[in-house]
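Those protein sequences? They're chains A and B, same order as listed.
If you read the first sequence in the working numbering, its first letter stands for residue 1, the second for the next number, and so on.
If you read the second sequence in the working numbering, its first letter stands for residue 1001, the second for the next number, and so on.
For the record, the hints were derived by calculation from the structure and aren't laboratory data.
A couple of the hints might just be wrong.
Cut-off 27 Å, straight-line C-alpha distance, at most; resulting in silico cross-link-like pairs (DSSO-like, lysine-lysine) [stated by the list, open to error]: (1) A:4 <-> A:49; (2) B:1021 <-> A:120; (3) A:66 <-> A:49; (4) B:1141 <-> A:66; (5) B:1112 <-> A:66; (6) A:234 <-> A:278; (7) A:66 <-> A:234; (8) B:1112 <-> A:4; (9) A:278 <-> A:194; (10) A:120 <-> A:194; (11) A:194 <-> A:234; (12) B:1021 <-> A:49; (13) B:1141 <-> B:1112; (14) A:4 <-> A:234.
Keep in mind the model is a prediction, meaning the values are calculated, not measured.
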Amino acid sequence: MSLKTPQNIVTAAAEWVGLLDSTSASDADWLACESWCAAHPLHRTTFEKMWAFHDRLDQAGPAEIKALQSLASKPKQDLRRALVYGFAFVMFAGLSWSLLTSDSLRDNFPDYHTARGEQKTVALASGNVVILDTDTAIRVTERERLDTVRLITGRLLARVNRSPERRFSIQSTFGSATALGTAYEVELTASAMKVSVIESTVRVCPANTPPACETLSPGERASVDRHRVTRLPKSAPATFSSWATGWVEAVNEDLTVVLTELNRYRSLPLVFDPERLKGRRVSGIFPVRDQDAALRGVVTSSGTRLVYTDNGTVSVVN
Amino acid sequence: MKTGTGTVEGLYIGHGEWLAKWLERRLRCPDRAADLSHDTFCRLLERLPEVTPASPRSLLATIARRLMVDDIRRREIERSVIECFALHNDDTYPITPERILEAIRFLDEVLKVLGGLPSITRQVLLLRRVDGLSQEEIASKLNLSTRTVRRHIVSASVQIFSVMAD
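Go ahead and model the full structure; you've got the sequences and the hints to work with.
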């Protein structure tokens, strides 16, 4: 393990970075910095470590920048600090119940989750079944008369036993979808919760405006954000949740939508240019567990082709 | 009493199984629990405590909890990187598993740096490095003096070093 670098060296190196990063840095400044670096090996390594980081950030590609912007724009969550403060609150104030029941904290510790490409069936004690799609996380609370599933991320299909004695509800940041004996799919996106009903009826409610609840019947779909329920075009119930049987189904669907769906299951994503593939449609049933077969089917149906590279990347092109 | 690898071995024999079960109860995934349990002992070997811990299980649980939080954050980064790489591919640098892994590591570091900065310093760093504005342009945009902008770059650099040395 390396020895800790003295703080005065760290500060001096940072001052050099700040100066040389500006357009006002002169040749003399660069030479002075070089003399400082030459004075001690720790000077040079400290300065170069900082400089290399700034340099690497300057050279980040568009995908890295996009990922960084999306991650950096999320609300700041210092989980470690939150845990420490939460614990202190319990110990010394005894008023931590609201914190411990806060969803934003507890959502970091899902009861069940799936990795990319994985699907999982969770059977609850009540006999209700929840099927998790790829990259999905949930928390489950089972009470005597109510099963509550909190969808943290991803997509699930719920198959609920018909029982007037026992309710079943799926909740998310955006709202809730409650059923008595039904099958329905719930998907969480960045801006809304999408509910598609396969059997019976489901009551959907926005989180902040409960009076704006709506009841959905088989084939009906809705997008729920914090304030309202927006009904989406109806579809045949049989077309919902084909993913739960291991298939992606498309009927004259936009090719980029199907490729994005297949990417949910792939650790190395398919590469495609949405602009160039605009207008391409695809129909068929494609197996998510056999990506090669799925891809062959998609390109045949859409009239596109695959380009393989030596490093394993697969691109879909016209 | 000083501790050492022998003590870690003792901790592994005495509490390894308990830790794996403790993690499995929280993660509901035996494979991930086994991985994190293994990582916990690796972390302990990397940074041996000065003295034998009075309560070994508390120590192990604390390390494991921190690793769990890191793991959750990393998965989020991974998800975002994969999505963005799929949509922003350029032919010059084709996507490879190594490139994705490198991007995840890099963004993990960048987010650690950003997470430790006050919001104004964070904003200055992003404007300078991501948006490519000069210190003078940032000063004008944020209504600050150029000297103040430079001071933010300096304190960001100190934070960068502290994250990289960690």
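Now for the hints, and whether the structure bears them out:
| no. | hint | in the structure |
| --- | --- | --- |
| 1 | A:4 <-> A:49 | holds, 14 Å |
| 2 | B:1021 <-> A:120 | holds, 21 Å |
| 3 | A:66 <-> A:49 | holds, 24 Å |
| 4 | B:1141 <-> A:66 | holds, 22 Å |
| 5 | B:1112 <-> A:66 | holds, 17 Å |
| 6 | A:234 <-> A:278 | holds, 24 Å |
| 7 | A:66 <-> A:234 | violated, 34 Å |
| 8 | B:1112 <-> A:4 | holds, 19 Å |
| 9 | A:278 <-> A:194 | holds, 25 Å |
| 10 | A:120 <-> A:194 | holds, 20 Å |
| 11 | A:194 <-> A:234 | holds, 13 Å |
| 12 | B:1021 <-> A:49 | violated, 40 Å |
| 13 | B:1141 <-> B:1112 | holds, 26 Å |
| 14 | A:4 <-> A:234 | violated, 63 Å |
Of the hints listed earlier, those the structure fails to meet are numbers 7, 12, 14, in rising order.
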